Amino acid sequence: MPFARSNSSNRIVGIEQVERGDDCNCHCLSCGTPVTARLGSINQWHFAHRTDKNTTSSECEFSPVTALALIIRQQLPTLVNF
Numbered sequence: 000m001p002f003a004r005s006n007s008s009n010r011i012v013g014i015e016q017v018e019r020g021d022d023c024n025c026h027c028l029s030c031g032t033p034v035t036a037r038l039g040s041i042n043q044w045h046f047a048h049r050t051d052k053n054t055t056s057s058e059c060e061f062s063p064v065t066a067l068a069l070i071i072r073q074q075l076p077t078l079v080n081f
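Residue 0 is where the sequence shown starts when you use numbering that gives the first Met the number 0, and the numbers rise one by one after that.
Just so you know, these hints were derived from the structure itself, not from any lab.
As the structure is a prediction and not an experimental result, all values here were calculated from the model.
Fair warning: there could be bad hints in the mix.
DEER-style ranges, computed between Cβ atoms [unchecked claim]: (1) Ala47 / Ser7: 14 to 22 Å; (2) Ser40 / Pro76: 35 to 43 Å; (3) Leu78 / Glu15: 19 to 27 Å; (4) Val79 / Gly39: 17 to 25 Å; (5) Arg19 / Phe61: 31 to 39 Å; (6) Glu18 / Thr50: 17 to 25 Å; (7) Ser40 / Gln74: 17 to 25 Å.
Note that the Cβ used here is the ideal one computed from N, Cα and C, for glycine as well.
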């Protein structure tokens with residue numbers, strides 16, 4: 000997933016805006032699970048869930064459409080009226 004919510008600012012951030020690995024300090028927009036930033040040199044950069052298979056009972060149903068709606072809702076107040 001290309002977006003997550005920052006734990007420190009509570010704002011939606013893109014993968015290119017965060018530190019590598021668990022230092023990103025973010026969680027999933029859909030399920031709230033902590034995520035890690037995968038910033039490798041081969042695959043496309045993305046956030047991945049940090050799940051513990053012993054404590055996670057269901058899979059996340061991340062939706063790009065939901066993420067886009069949340070980003071729009073976050074940015075609307077910052078837009079200037081024309």
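Do the hints match the structure? See the list:
Distance hint check: the CB atoms of Ala47 and Ser7 are about 19 Å apart, consistent with the given range 14 to 22 Å. Between Ser40 and Pro76 the beta carbons are some 37 Å apart, a value that agrees with the proposed interval 35 to 43 Å. One distance hint, 19 to 27 Å for the beta-carbon pair Leu78 and Glu15, holds here, with the actual separation near 22 Å. Under the hint 17 to 25 Å, the C-beta atoms of Val79 and Gly39, about 38 Å apart, miss the expected range.
Range check, Arg19 to Phe61: about 21 Å between beta-carbon atoms, so the 31 to 39 Å window is missed. The hinted window of 17 to 25 Å between Glu18 and Thr50 holds, with their beta carbons roughly 20 Å apart. Between Ser40 and Gln74, the C-beta spacing of about 30 Å breaks the proposed range 17 to 25 Å.
The structure fails to meet hints 4, 5, 7 from the earlier list, while all remaining hints are met.
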